[in-house]
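Going down the list, the sequences are from chains A and B.
For the first sequence, the residue numbers in my numbering are 1 to 328.
For the second sequence, the residue numbers in my numbering are 1 to 335.
Treat the hints loosely; a few may be bogus.
[What the hints assert, rightly or not] Computed list of lysine-lysine pairs in DSS-like fashion (alpha-carbon distance at most 30 Å, straight line):
| # | chain 1 | residue 1 | chain 2 | residue 2 |
| --- | --- | --- | --- | --- |
| 1 | A | 272 | A | 261 |
| 2 | B | 236 | A | 99 |
| 3 | A | 261 | A | 89 |
| 4 | A | 193 | A | 271 |
| 5 | B | 236 | B | 263 |
| 6 | A | 140 | B | 48 |
| 7 | B | 49 | A | 324 |
| 8 | B | 112 | A | 140 |
| 9 | A | 173 | B | 263 |
| 10 | B | 213 | B | 233 |
| 11 | A | 173 | B | 49 |
| 12 | A | 198 | A | 144 |
| 13 | B | 48 | A | 173 |
| 14 | A | 301 | A | 324 |
| 15 | B | 213 | A | 144 |
[Stated by the list, open to error] Far from chain B, by Cβ distances over 12 Å, these chain A residues were calculated:
| # | residue |
| --- | --- |
| 16 | 13 |
| 17 | 28 |
| 18 | 70 |
| 19 | 106 |
| 20 | 108 |
| 21 | 120 |
| 22 | 139 |
| 23 | 140 |
| 24 | 161 |
| 25 | 210 |
| 26 | 254 |
| 27 | 258 |
| 28 | 270 |
[What the hints assert, rightly or not] Chain A side only, calculated, beta carbon under 10 Å to chain B, not exhaustive:
| # | residue |
| --- | --- |
| 29 | 105 |
| 30 | 115 |
| 31 | 124 |
| 32 | 129 |
| 33 | 134 |
| 34 | 262 |
| 35 | 264 |
| 36 | 277 |
| 37 | 325 |
Since the hints were derived computationally from the structure, they do not count as laboratory data.
All figures in this text were calculated on a predicted structure; none of them were measured in a lab.
Just so it is clear, CB atoms sit at the ideal spot from N, CA and C, and this is done for glycine as well.
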Amino acid sequence: MPVSKETLIELYRTMLKIRLFEERVAEIYWEGKSPVFNIAADPIPGEMHLYIGEEAVATGVCAHLRPDDMVAGTHRSHGHYIAKGGDLKKLMAELFGKKTGLCQGKGGHMHLFDANLHFGCGGIIGAGIPHAVGAALAFKMQGKDNVAVSFFGDGAANIGAFHESLNLAAIWKLPVVFIVEDNLYAISVPKSKSTAVKSNAERAAAYGMPGVLVDGMDVMAVYEAAGEALARARRGEGPSLIECLCYRYKGHFEGDPQLYKPEGEEEEWRKKDPIPNFRAKLIKEGILTEEEAAKIQAEVKALVDEAEKFARESPWPEPEEALKHVFL
Amino acid sequence: MGERIISMYEAIAEAIAQEMERDPRVFVMGEDVGFYGGIFGATTGLWKKFGDERVRDTPISEMGFVGAAVGAALEGMRPIVEVMFVDFTGACFDQILNHMSKIQYMSGGQLKVPVVLMTAIGGGYNDAAQHSQCLYGLFAHLPGLKIVIPSTPYDAKGLMIQAIRDDNPVMYFFHKGLMGLPWMTIIEATWAPVPEEPYTIPFGVADIKREGKDVTIVAVAMMVHRALEAAQKLEKEGISVEVIDLRTLVPLDKEAIINSVKKTHRLLVVDEDYLSYGMSGEIVAIVAENALEYLDAPPKRVAVPDVPIPYSNTLEDFVIPSADRIAQAVRELVG
Numbered sequence: 001m002p003v004s005k006e007t008l009i010e011l012y013r014t015m016l017k018i019r020l021f022e023e024r025v026a027e028i029y030w031e032g033k034s035p036v037f038n039i040a041a042d043p044i045p046g047e048m049h050l051y052i053g054e055e056a057v058a059t060g061v062c063a064h065l066r067p068d069d070m071v072a073g074t075h076r077s078h079g080h081y082i083a084k085g086g087d088l089k090k091l092m093a094e095l096f097g098k099k100t101g102l103c104q105g106k107g108g109h110m111h112l113f114d115a116n117l118h119f120g121c122g123g124i125i126g127a128g129i130p131h132a133v134g135a136a137l138a139f140k141m142q143g144k145d146n147v148a149v150s151f152f153g154d155g156a157a158n159i160g161a162f163h164e165s166l167n168l169a170a171i172w173k174l175p176v177v178f179i180v181e182d183n184l185y186a187i188s189v190p191k192s193k194s195t196a197v198k199s200n201a202e203r204a205a206a207y208g209m210p211g212v213l214v215d216g217m218d219v220m221a222v223y224e225a226a227g228e229a230l231a232r233a234r235r236g237e238g239p240s241l242i243e244c245l246c247y248r249y250k251g252h253f254e255g256d257p258q259l260y261k262p263e264g265e266e267e268e269w270r271k272k273d274p275i276p277n278f279r280a281k282l283i284k285e286g287i288l289t290e291e292e293a294a295k296i297q298a299e300v301k302a303l304v305d306e307a308e309k310f311a312r313e314s315p316w317p318e319p320e321e322a323l324k325h326v327f328l
Numbered sequence: 001m002g003e004r005i006i007s008m009y010e011a012i013a014e015a016i017a018q019e020m021e022r023d024p025r026v027f028v029m030g031e032d033v034g035f036y037g038g039i040f041g042a043t044t045g046l047w048k049k050f051g052d053e054r055v056r057d058t059p060i061s062e063m064g065f066v067g068a069a070v071g072a073a074l075e076g077m078r079p080i081v082e083v084m085f086v087d088f089t090g091a092c093f094d095q096i097l098n099h100m101s102k103i104q105y106m107s108g109g110q111l112k113v114p115v116v117l118m119t120a121i122g123g124g125y126n127d128a129a130q131h132s133q134c135l136y137g138l139f140a141h142l143p144g145l146k147i148v149i150p151s152t153p154y155d156a157k158g159l160m161i162q163a164i165r166d167d168n169p170v171m172y173f174f175h176k177g178l179m180g181l182p183w184m185t186i187i188e189a190t191w192a193p194v195p196e197e198p199y200t201i202p203f204g205v206a207d208i209k210r211e212g213k214d215v216t217i218v219a220v221a222m223m224v225h226r227a228l229e230a231a232q233k234l235e236k237e238g239i240s241v242e243v244i245d246l247r248t249l250v251p252l253d254k255e256a257i258i259n260s261v262k263k264t265h266r267l268l269v270v271d272e273d274y275l276s277y278g279m280s281g282e283i284v285a286i287v288a289e290n291a292l293e294y295l296d297a298p299p300k301r302v303a304v305p306d307v308p309i310p311y312s313n314t315l316e317d318f319v320i321p322s323a324d325r326i327a328q329a330v331r332e333l334v335g
């Protein structure tokens, strides 16, 4: 099916938004952490897991979603949230721990929730997989044609919840799509040492659902596979699994020395970088001019600037706010 | 016109059925909750009435279906999920510990997770270490979970309806020995009058199951009945015992405990959960903080002495508080 020019440009813009946002996060993160690294130092304290390199996956999948479709993300979820249509200002303010943040400073980088976008994520590997199954169950019981998407890494595909969730989704024929982001490593452990099959797509067969392996550095490959799986889910034909082969350029967390990555590996993957390659393709195919591409770049940069300014200028939560929201 | 007498398991199932009729968002899932009606009868008759869609038998996948209950609640459903024995929560602990109890808080109050997780507790029938625990103290320790522990059919029904209507996650613990199951030792109090119409019992309101003036016993579930048995014996010895059934640990009716201790000046906490770092210590601490000067004797605790629940009758009877041990502790308090 032909993809409209607007959609192609939007895919490019979304990937760029994730990339520029996260590059800015990295800059700000290190602002307070050199020359001496103290993880608790402001402006952005705590652990930081960046998605840089994997943008095509979130972008290609979320392009098919409506605001009221549910997404369960991971500990590395800025990209999923932005691709779902998230607010950069609230996101940045949350990373700063400000009162104006998405969760009023209670969630932080790994625990982002947006009720309006039906988005949630968390710091426990694989725990969001059954949440997506439950959301899909709710949609089915409510007679809605919404879908749920669960993003998780190749490491998470080895926890029990993955297998339990695929089985539940299949026996109940639920509108959920499982997206495995295979970035080669579970922190430092390579997939070859952790996973009995070559691709997690093969595991889908064990649960009677379609499973495909796609190039996660190619936004169009992801977009097409996800489009098919999500349409199938919306039609009430049940769950699917897509494994997207991709690469995180950064460490598991900022400050990870990444000694487990072979020399030259990143350079090889950088050649497949989804953003400049897609930009070149769009220009070559006459979808985008150099000038238009530069304009998009400037617009996205302005959004990131605005988000940073908003976060820096926002107030801290009152300390006593910590006592609210345990119970409704 | 006589009052209708039913068992605790029937009271729970009736509460769920009435809420399912009232609210289409309510549904039940768990292992053997459908055709079988729940291993302890808590979903008796529901499957026949509501069918597969709303009374879902699950595979043996606690992490999966408890996590799915969280996800369904986030999307506007009100799931009741049964984990057959509290001992099995190990298989889904992450979903309770890190998600069900925390999403509301982590989201800055944007999201709610109205799940009722019901589960069976308690020993006294030789099911040993992995099928006899109580563990409500463990869950009461975690911020974000309401903890409900009925001891009578009347309380069981009203507290279940309240739990289903609550917008927060609720863990509802029913004691196997109190369910009124024909294959358990029959305790008279497990069959009792229960109104047919729906009613609620607010959380955080303890019930004084017996008034007295010499000693306050605080307990939940089976230990309420053991304490009442002990109180009857002690009455003949001229000792007047007040028995407070907390009914919910979170929220906790501190006032009822403190007021009672101010009256009786003596406190005994009886607990079928483990002794250390649990309910009994918490209640003693609350009394120490709020009513220490009213105490005529140091508080006492009778609980499972920090050992797993053993199998053999002689061993199990030794560790689970009995009416005799409770009575003896009361005598020591007033002596």
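query: Which hint numbers doesn't this structure obey?
result: Those not satisfied are hints 2, 3, 7, 9, 12, 14, 15, 18, 19, 20, 21, 22, 23, 24, 34, 35, 36.
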